[in-house]
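There are 2 protein chains.
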Amino acid sequence: MVTGRFEDIPVVLDAMGGDHAPAAPVEGAVLAAREFGMPIYLVGREDAVQAELARHDHKGLPLTLVPASETIEMDEQPSLAVRRKRDSSIVVGMRLVKEGKARAFVSMGNTGAVMAAALFHLGRIKGVKRPALATIFPTMKGFCLLLDIGANADCKPEYLLQFGLMGSLYARRVLGVESPRVGIVSNGEEEGKGNQLVKDAYKLLRASPLNFVGNVEGKDIPTHLADVVVTDGFTGNVIVKTAEGMAKMMKTFIKEELYRSPISTLGGLLAKGAFDRISKRTDYSEFGGAVLLGVDGVVIIGHGRSNGWAVRSALRVAAQAVAGGVLEGIRQDIAEQMGVEEEAEEALEL
Amino acid sequence: MVTGRFEDIPVVLDAMGGDHAPAAPVEGAVLAAREFGMPIYLVGREDAVQAELARHDHKGLPLTLVPASETIEMDEQPSLAVRRKRDSSIVVGMRLVKEGKARAFVSMGNTGAVMAAALFHLGRIKGVKRPALATIFPTMKGFCLLLDIGANADCKPEYLLQFGLMGSLYARRVLGVESPRVGIVSNGEEEGKGNQLVKDAYKLLRASPLNFVGNVEGKDIPTHLADVVVTDGFTGNVIVKTAEGMAKMMKTFIKEELYRSPISTLGGLLAKGAFDRISKRTDYSEFGGAVLLGVDGVVIIGHGRSNGWAVRSALRVAAQAVAGGVLEGIRQDIAEQMGVEEEAEEALEL
Chain A
17 MVTGRFEDIP VVLDAMGGDH APAAPVEGAV LAAREFGMPI YLVGREDAVQ
67 AELARHDHKG LPLTLVPASE TIEMDEQPSL AVRRKRDSSI VVGMRLVKEG
117 KARAFVSMGN TGAVMAAALF HLGRIKGVKR PALATIFPTM KGFCLLLDIG
167 ANADCKPEYL LQFGLMGSLY ARRVLGVESP RVGIVSNGEE EGKGNQLVKD
217 AYKLLRASPL NFVGNVEGKD IPTHLADVVV TDGFTGNVIV KTAEGMAKMM
267 KTFIKEELYR SPISTLGGLL AKGAFDRISK RTDYSEFGGA VLLGVDGVVI
317 IGHGRSNGWA VRSALRVAAQ AVAGGVLEGI RQDIAEQMGV EEEAEEALEL
Chain B
17 MVTGRFEDIP VVLDAMGGDH APAAPVEGAV LAAREFGMPI YLVGREDAVQ
67 AELARHDHKG LPLTLVPASE TIEMDEQPSL AVRRKRDSSI VVGMRLVKEG
117 KARAFVSMGN TGAVMAAALF HLGRIKGVKR PALATIFPTM KGFCLLLDIG
167 ANADCKPEYL LQFGLMGSLY ARRVLGVESP RVGIVSNGEE EGKGNQLVKD
217 AYKLLRASPL NFVGNVEGKD IPTHLADVVV TDGFTGNVIV KTAEGMAKMM
267 KTFIKEELYR SPISTLGGLL AKGAFDRISK RTDYSEFGGA VLLGVDGVVI
317 IGHGRSNGWA VRSALRVAAQ AVAGGVLEGI RQDIAEQMGV EEEAEEALEL
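Protein sequences appear in the order of chains A and B.
Counting from 17, one number per residue, gives the positions in the first sequence under this note's numbering.
Counting from 17, one number per residue, gives the positions in the second sequence under this note's numbering.
None of these hints come from the bench; they were simulated from the model.
Model, not experiment: these values are computed from the prediction.
Each residue gets a CB set at the ideal place from its N, CA and C atoms; glycine is no exception.
A couple of the hints might just be wrong.
[To be verified] The following label-pair restraints were derived from C-beta to C-beta distances: (1) B/Lys264 - A/Asp73: 42 to 48 Å; (2) A/Lys296 - B/Glu205: 27 to 33 Å; (3) A/Arg140 - B/Lys157: 55 to 61 Å; (4) B/Met156 - A/Thr80: 57 to 63 Å; (5) A/Ser85 - B/Arg276: 25 to 31 Å; (6) A/Gly320 - B/His72: 39 to 45 Å; (7) B/Glu206 - A/Arg140: 46 to 52 Å.
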């Protein structure tokens, strides 16, 4: 895992993104700049961001306010909003990355709008067919990387192969997993299980240089059968949301049942430390959001509900991705894959 | 919900199906016959079933042993096994239903083999394009019905419409939900979200007479936004397995964290009653397995890990489905839907 301070890695933060903006982004920026030292461009409405900054001691921290008069709301239609709101924090921030003034972009805002802006202003890395949104997923043994969780509702087998390549690269360079085991989500463990997409992608993944471990069932994701779990954006979204809903339901059940008798209420009080640790182990705010892999820039999208701590974690992840050389790595791996494909095609033609 | 005794509803039980067969099936049969009064045909290897029966007081209970010399194992290739093992408990049992000697079939065995045998020996209800496997899914407010959870990895929009019709009928007739809210699993709440399959099925469901509430995200299933949740068999399987894995992970985390300090261990002991109640609320064995809707017979498939209590619940569900007139209802609803389609086609032709 890449650690340390990141004084030479300027990062853009969308100060207007998320349910608690600009308070949470500004707090997160202060925390991250202090802890990791990266220069941060806070992009947003000048007065609002200024007012939040005044609530923190940020003397000497490398924070720069970049004014943007517009805000893209959480429920706006992404591509339309990105085209119309040229002076929004998302568009202005993305341009700073495009122009080379910053090396990564972080937002807790409208996921679709960030993806649309990234595609439009940064573009895809050459050879990448579709960018994918990858997230850290808590498991019994730590966490795995799950992708795509929503960038592409309909996928082709080739996309899933590339998701495997990009995810594996990210796990190696940023998460510090040496030879990441890559699995594909399916409705059964055995080879041959799956819908048509999975069956076809399985063959491509098996033939690739990846450390491919085959099919992974929904129940195998939390048990950590694979370090990188590949799926289409529809299924990935359903997995993440189902897991979120189940964790919430279990927590609700615990509360309801503990309060049902005085003895179990007492037990719950004594065990409070344990419950707090469980919450932390399943808490998205520790993991710093999702990363959009395949666009020509480091782009991190956090949960809309993010608090300051979650924003700080997302900024750390952004700097780690830059320091880990994720873009260069993907560029190289995809070029190699394309080379292999060309060779295969030429071989067929001969 | 259909309740009471079911003396006039004979049910077939695959005595050789599941990880704990024949012990668990035989125990479940004794429990169910005593509690609900339904006559039960225990199909399996005579000596093995006889030996298990000898361990229970089953005097006066309406249990009949039907010999079947072969057993289809959990990992056998379904269609092949069903074709080859003509004297297996699954095939012999299914024939008893086909011949009208029993009105429902229950197994904890190889899901694929039961589905294949049902399709082969009972066939589909006229007009049903694809049968679907429906399961009870625990929610914060009780449970909902989720289908398809694995019968069809690749679906067409028309299948999902029929899953909605069959699921809604089952919820009304067996689960006692008056006007079941039907939702479709998607990667966003808003209309227009989804992969191509979901977008197309959405239109069909909205135009149907169902109480359609639109898209349901993974997190909305446990919060019970819909009583009947429709999806393709691939996604449904991933949802059920992810939920299973998450519940297991949460339970593991609770244990690990409680034992980390003497105080929280004490707390855990005091709260044991609460944890037991949580387990019960998320325990599949209360819910009696999945029902295969759309074949011309009542077929219930339980979890391979089922204990005697889970088998008893599955037998109850089978009798409830018969008493609730599920087959007649589906026959009628599908015929009506076909009528509507014909009318629409005729209208187009004019």
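List of violated hint numbers, smallest to largest:
3, 4, 5, 6 and 7
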